[in-house]
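> Chains A and B are the protein sequences, given in the same order.
FYI, the working numbering numbers position 150 of the first sequence as 150, with every residue one higher than the one before it.
FYI, the working numbering numbers position 20 of the second sequence as 20, with every residue one higher than the one before it.
Just so you know, these hints were derived from the structure itself, not from any lab.
The C-beta atom is built at its ideal place from N, Cα and C for all residues, glycine as well.
Heads up, some of the hints might be wrong.
What the hints assert, rightly or not - Below, computed lysine to any residue pairings styled on SDA-like, alpha-carbon distance capped at 25 angstroms:
| id | chain 1 | residue 1 | chain 2 | residue 2 |
| --- | --- | --- | --- | --- |
| 1 | A | Lys32 | B | Leu46 |
| 2 | A | Lys32 | B | Thr117 |
| 3 | A | Lys32 | B | Ala152 |
| 4 | A | Lys112 | A | Asn99 |
Claimed, not checked - Part of the chain A face toward chain B, derived, beta carbon under 10 angstroms:
| id | residue |
| --- | --- |
| 5 | Ile138 |
| 6 | Leu139 |
| 7 | Asn201 |
| 8 | Glu203 |
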Amino acid sequence: MILLSPQMRTAVQRTLLPILVLLSAAIVVLGKADQLLFDSVRTAVSDTAAPVLDTLSRPLTAAGNVIDRVQMIITTYQENARLEAENQRLLQWQQTALNLAADNQRLRGLLKAVPDAAVSFVTARVIANSGGAFVRMILINAGTEDHIARGQAAVTGEGLVGRLTEVGDRAARVLLITDLNSRIPVTVESSHVNAVLAGDNSERPRLLYLPAPDGVKVGDRIVTSGEGGVFPPGLPVGVVGSLDAAGPRVEPYVELSQIGYVLVVDYGLSRSLPQPPQVMARSRTDASPPARTMR
Amino acid sequence: MALKVFSIPALPRVNNGAARMLPVATTLFAALISVLPVQIPGYAALTPVFTLMAAYHWTIYRPDLLPPLALFAIGLTEDLLAGSPIGVNALLLLLTRSAVLGYRRYFVNRTFPFVWTGFTLLTVAAMFGLWVLHCLLDLSLLDFRNTVIRGALTIAIFPLASFLLGRAQRAVMGAG
């Protein structure tokens, strides 16, 4: 094309434009028809761009940390008073918890219960998120090189963030619990009623398939139910924030638009998720001891 | 007719390799910054469409240096990185080019408010188009509010983007 005269080049570009428009439209339709068709391309592009995004996002993460710190300094006095009150309360809870732990251990011994599987986790930094109104995903700077696999849970200290849907060598994509395509089996902690937490791209996902709509009230804690075997039961998700006509909405514990880091946790359950062939070939099959890596 | 669109007004020749790369490089950069995780509450959903600004600017001032193939590649890259339905941004950028190219002679050498008005019309059409396309892809009626705010932010930030792109253009390519 470099050898063509400007007029020729113009003519080529004029014909190229409608062809590429049609090609793009075809890709949109194909990508919709077969969701896995472009998965390997997507993973390859994410992997390639990961170092660049990692570098570019560093100052943003740092800026976020600075803002957090400034906010902390501003609120130090009130925060200290609040924490002291909370500490008093928690000390009482600690006694309760110790008693319960002792009870629990004794009863487990009586029942010969199987202990929970050891979990391993990897800390990863958020290097990209889906800009735009239609998708809720983040890209993290950890991949199969860090022994993470598709289907594992991404959490923060506060609660559930989402699920790994795509794992490359250096980067992985997390489908947030607020995304339109996210469906998480959950349970209302107080009443043990099961439901499905369904994202709709808004900040507060909805609770679907509740057996009785009045079985839930504002302020109820929502945790994962463990049904389907992807997440372990009891992972904190959020609290019921409002009761709309369309059903209850859940306020996630995690401020999803401000996550800087996530923990990718392997509960040893992710293999129960159907894996597309190209991801399965790469995923870890050996059971390695609990690992802790900081990126 | 086809040749006239490009030649009015005549585009000065740019031989400097770095200068020839500028439109593609800035548009690619726009794609990258639109996926960066800015830790402002609610920002992700309202991220301005930076690539639309770059595609509009360069299609008016240097359509020869931002060819359709580059728009296609950058659009696909953005789709793949953002995790959005593949092809949507490529389609958006290419349609932007085909829409703007026919009118570029009315925009070149005009005052900024005129160019901004053109961009406003483009963004309104683009946002509505994106919303319709995503509704069709998801087979559901999606919330329109985020799209409206996102469009408004895109229009509001365009003067800054246009200023920066214009400065870069003058610095690297000289006047024109």
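> Each hint needs a verdict: does it hold in this structure or not?
Hints and how they fare:
For the hint pairing Lys32(A) with Leu46(B), the CA-to-CA distance comes to about 24 angstroms; that is within 25 angstroms, so the pair holds. Under the criterion of a C-alpha separation no larger than 25 angstroms, the hint pairing Lys32(A) with Thr117(B) is inconsistent with the structure, at around 34 angstroms. At most 25 angstroms may separate the alpha-carbon atoms for a hinted pair to count; Lys32(A) and Ala152(B) exceed this at roughly 28 angstroms. With a C-alpha separation of about 20 angstroms, the suggested pairing of Lys112(A) with Asn99(A) holds against the 25 angstroms cut-off.
The closest approach between the C-beta of Ile138(A) and any C-beta of chain B is roughly 7 angstroms, which is under the 10 angstroms cut-off, so the hint is satisfied. A least Cβ separation of about 7 angstroms between Leu139(A) and chain B falls short of the 10 angstroms threshold, and the interface hint therefore holds. Interface restraint check for Asn201(A): the shortest CB-CB distance to chain B comes to about 7 angstroms, inside 10 angstroms, so the restraint holds. Hint status for Glu203(A) relative to chain B: holds, with the closest Cβ pair at about 7 angstroms, below 10 angstroms.
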